[in-house]
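Read top to bottom, the protein sequences are chains X and G.
Numbering follows my numbering, in which position 335 of the first sequence is assigned residue number 335; successive positions increment by one, without gaps.
Numbering follows my numbering, in which position 134 of the second sequence is assigned residue number 134; successive positions increment by one, without gaps.
Take these hints with a grain of salt, some might be off.
To give a feel for the contact side, a few chain X residues facing chain G, derived at Cβ under 7 Å [unchecked claim]: (1) S14; (2) R17; (3) L28; (4) T32; (5) Q39; (6) P46; (7) R58; (8) V193; (9) P195.
In case anyone wonders, no lab produced these hints; they're calculated from the structure.
For clarity, every value in this text was computed on a predicted model and none was experimentally measured.
Cβ atoms here follow ideal geometry from the backbone N, Cα and C, with glycine treated the same way.
One-letter residues, chain by chain:
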Amino acid sequence: MTATVPVKHERSGSALRLLFVTACLLALWLATEQRADWQSAWRPVPPVQLAFEGESYRVPAERVETLALLSALRFADGEEEARRLVRSHLRRGLDNLFHDLAAQLPEFADWYYSLGSEYMRISMLLLEKANLADGDYVARRAQAVIFDQADFDRRLGALRQQTESRLLRQARMTRAGWLADMLEELSAHRMPVPPPDDAETVSLDELLAGLSAHGGAEFSTRLSASGAVAAGAAAGPLLWRAVSRRLVAASSGRALAARGTGRGAARFGTAAGGGMAVCAPGGPAAIACALAAGTAGWLAADWALLRLDEVLNRDELMAAMESGLAELRDELEQQLLDAYDAVLAEQYAAMQADIERTFVPVRAAGN
Amino acid sequence: MRRLLNDMLWLLLPFAILLALNIAGTGLPTGPLLAVWLLLTAVMFAGLWTRALSRRHAFLSAYMHAGSVWRRRWRGGPLLAGAQLVQAALLAVVLLVAVVRLDDTAAWRVLLVGLPLLVLLHGLLRRWMVPHVSPLYLPELSWRLTLRLNFLLMFPALALAALYVSYPALAEVTLKQAIWNEMIRQEASSQALLGLMQVAAAKDALGWWLGQQLLPGLGEPLFQLGGWLLLLAAEGLFLWSYLVLVAGTLDLVHWRRRPPLPTLTSAVENSKGPVGERG
Chain X
1 MTATVPVKHE RSGSALRLLF VTACLLALWL ATEQRADWQS AWRPVPPVQL AFEGESYRVP
61 AERVETLALL SALRFADGEE EARRLVRSHL RRGLDNLFHD LAAQLPEFAD WYYSLGSEYM
121 RISMLLLEKA NLADGDYVAR RAQAVIFDQA DFDRRLGALR QQTESRLLRQ ARMTRAGWLA
181 DMLEELSAHR MPVPPPDDAE TVSLDELLAG LSAHGGAEFS TRLSASGAVA AGAAAGPLLW
241 RAVSRRLVAA SSGRALAARG TGRGAARFGT AAGGGMAVCA PGGPAAIACA LAAGTAGWLA
301 ADWALLRLDE VLNRDELMAA MESGLAELRD ELEQQLLDAY DAVLAEQYAA MQADIERTFV
361 PVRAAGN
Chain G
1 MRRLLNDMLW LLLPFAILLA LNIAGTGLPT GPLLAVWLLL TAVMFAGLWT RALSRRHAFL
61 SAYMHAGSVW RRRWRGGPLL AGAQLVQAAL LAVVLLVAVV RLDDTAAWRV LLVGLPLLVL
121 LHGLLRRWMV PHVSPLYLPE LSWRLTLRLN FLLMFPALAL AALYVSYPAL AEVTLKQAIW
181 NEMIRQEASS QALLGLMQVA AAKDALGWWL GQQLLPGLGE PLFQLGGWLL LLAAEGLFLW
241 SYLVLVAGTL DLVHWRRRPP LPTLTSAVEN SKGPVGERG
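Looking at chain G on its own, in the form it has when it is part of the complex (with noise of 0.2 Å):
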């Protein structure tokens, strides 16, 4: 219960933070925002290294022999860290972007519900999956299980909540105009964070222009399949972005307590038997 309370406690700090962004955000300078958006890389690439380290762990010792040269060459080093850094950066741009142009209540309040959801999810999880899995594992297993559930659990009240904001009437007017007016409606101190938003307007624009095509004739259900398609994909990537976050600022606060994972080299050297057998 403790460790519980504790948990929801520290993810009350990115919700804070992602919040006071949403407020301040368009009117800060580029030198503030880079700081942002650099401690989101940082806490969300500590979650997706951790849980990466262990997912190739766990392939290493399932599929490869332990003499095998591989085992010490695949055992992660700076190339799985530079493609979670990159990953990580990516899903950083996307969340502060997303969050500063988040202005449906509802829709924060979704992600606010979501944080308790996660902490009692993962708890219950875990300890579900204590008897089932091996420790070395358990936290990358749990946390996998918990991500992709509590995404299944709030990405459909976040589409709900998106359904009664109203959106432009796009229907009569051409894609060029649609998206245009939608960029230029962003306002931002920042020329940086102002052109991502361009950006970030330009694809909501799209998808609202073609899910209000209702020409008959060609193409038209695919238009607006296609355009609520992307919008939906545009959720759930931010909804993905805004769990790793989180995941990552427990990571970082569990950090000490994690199993460490043993090193492939020693178990090449001492291997008795697979190291699977030990996680």
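Chain X on its own, in the form it takes in the complex (with noise of 0.2 Å):
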């Protein structure tokens, strides 16, 4: 009796045994199944190969960060660069051609306040009364005198040329930079054997030919698509109507306004007046004698009524046209810079995407 107590004690034991060294084994079994995933979050981050200009580079996953930060600075700077570059070319550019601009303010003034200038405008205004016209004579004949005559549209033309072939180099000396910064990190990481075919490689050649892309023609087709092109074509017109309104806002303006009434009965008085006095005695050539008479005094006046304009007002108009240009420039140069900046935003960012959607995966498998 006593001696079965412990085998049967043991028995227990060993049945005990049996099942834990069974779950154990399970246990173990079934680690073995879950090795692989258990396996990823203590495995370092594998490196990254890359392929450039023929070479194949295998780079630590922490590299690439800085490659990608690298290239994403490089070019955030060369955005940078390019609109100083603009705004200084295109500063200069407008500084000279304006300046050009201002010196036919002058000859416009002259032929402003020439008999002929006000006959043809009275003519046109006549002509514009009866439909036969156009408006906006003075405004056409300032285009003509102050931006025709200096070669306004080919120059402003000419000068988008200039920054966009400016822009160009600039981005192709992005790309160079970009590139030499590539070749100086990678040249530690090379391997100096090529990994097989089907090898994952991550591919900056795709890379560099995604940013010439975004550099090169397609830059300048969209710079043409701009609003920018047209902004020299109504330079005239735009510049008088700032000179109008300028003039009418200032009092003497209200002259301005009232100049055309006064000369009209001046006219009348001292052609009719002139024309009575003179021939009177003449009998029946009076009559031609009158006219004659009177068209001389009508002249007489309007010089003299336009010299006195010219004396009184000159310097107002042209203080009026100094600033109208001044501030055609400036809404010319605003309405460029806006262009050209929202042209380079568009170019830099979709640079930025490309070197964006080539190491994100990097970063997506590091991760």
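Hints in hand, dock the two standalone chains.
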């Protein structure tokens, strides 16, 4: 009886042990199945294979982060440099152009205060009333005398072309700088033996091709399609409208508005008085005489009034035109800058997106 | 039965350590890996040393005259211990690197199933050998036979498991390309482990490349045979190191229960007959 108790104990102990061993074996069996999943938590981030200009590179994941950052910074700097370049080039070009336009202003003022101009304005006004001519005659003359004589459209086009070619050169320089950065960073990680064809490789050549496309012909096309092209086309009317605004806004503007009426009354009075006084004893020839004397008086009065107007208002007109030109210049500069900014933002955003697209899968694999 | 179950339980410990090493080994720094290597070396050395001593004792008892001074000189000292230590250290390196790189689940299962097999085989052989073998050399002889039998059973199983693993296609690439690309696929936080893993990867690539050279003509069958033999030898070395670790673990567990070998000098002094007669 006493001997059976330890035997029983031993048997139950062995059964428990057997159960425990079986459970342990089962747990380890399952662990061998889960092993691969658990490994990923411990495994170091694998290096990334990059292909660039016919060479293969094996770069640690953390260096790939640096490459992505360097690329983004290089193109951000490039964009900043491009904007600075546009600003300085446009400022210099527009300064030269508008300096030449300002030199045309005295000629325009001379025309404006000439008898021919006066009668052309009156004629064009009458024709305009009869719907026989387009309005804004003075504006068109301003376009012809100030802008066309200074070759404004062609020079503005040339300025734009220069700016674009400088921007393209800047984009090329940015790419070349990026290329040099990449090659310097990658040189330490070059693979002496090419990887197998089926190896997963990030192609920096594709990235470079994408970046080149963004800075090439596509860029010029986008810029040409922008509103900046038409900026110089209606410069004359724009200027004259600005001048008119200024003159009307100024107190002497009232004189400008009343000038035509005053001159009309003076002409009529001078012509009638002169004709009657000179030709009264003339008999039958008095009518012809009166007409000739009246015309001469009319012209003399007009000339005298124009001279008086010029003496009184020429400086004001010149000042209004100069400030109108300055305003036009600022508007044009802003318009061009806005257009270039929009295109540059689009161009460099596309480049940054390409960089991001290339390196993001690498980062995802690393995480 | 109880003893077998206890042995089985003890053997799960090194397996669990090796599995943990496989899971986390590539992420560990050199320090902890060095500690694991030292532990593996110590356990292997325990088994190798006791068995070497036993073999040396048997050899001296059988071949040396009781009065010979060489019995004392060759009884097993620092030289023998050093040789076993070097062997244990090398096997530990082989095992550590192979275990970290072992990705085949089927092979892991073969290793796991090999444990109860080993315990059962050892128990059976020991019981069968008791009436025939001297108790003095029974532990050594029973382990030698068990390890060899277990090796013979597990090795084909491992080789069979390896047949179902997919290998990179290296028939079209140069040997340099094959070795380089296999080496760079290795990843480990510890530079020391990474270096060892790359050496092992280069060996694998060499074997696969040789095995896949299907060019007709000069040396073709020799190339293939050489490649597969290299891989089989590496597989065999890995399995052997695993079995040495397992046997070393049980040697440590049963350290106190082993019958002590009689000292050879005392055998000389009190020689009434050769020690072998007593063993």
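Results for each hint:
1. S14: It holds, given that the least Cβ distance between S14/X and chain G is near 5 Å, below 7 Å.
2. R17: holds (4 Å)
3. L28: Holds. Min distance 6 Å.
4. T32: Status holds, d = 4 Å.
5. Q39: holds (5 Å)
6. P46: holds (5 Å)
7. R58: holds (6 Å)
8. V193: holds (4 Å)
9. P195: holds (6 Å)
In summary, this structure violates none of the numbered hints.
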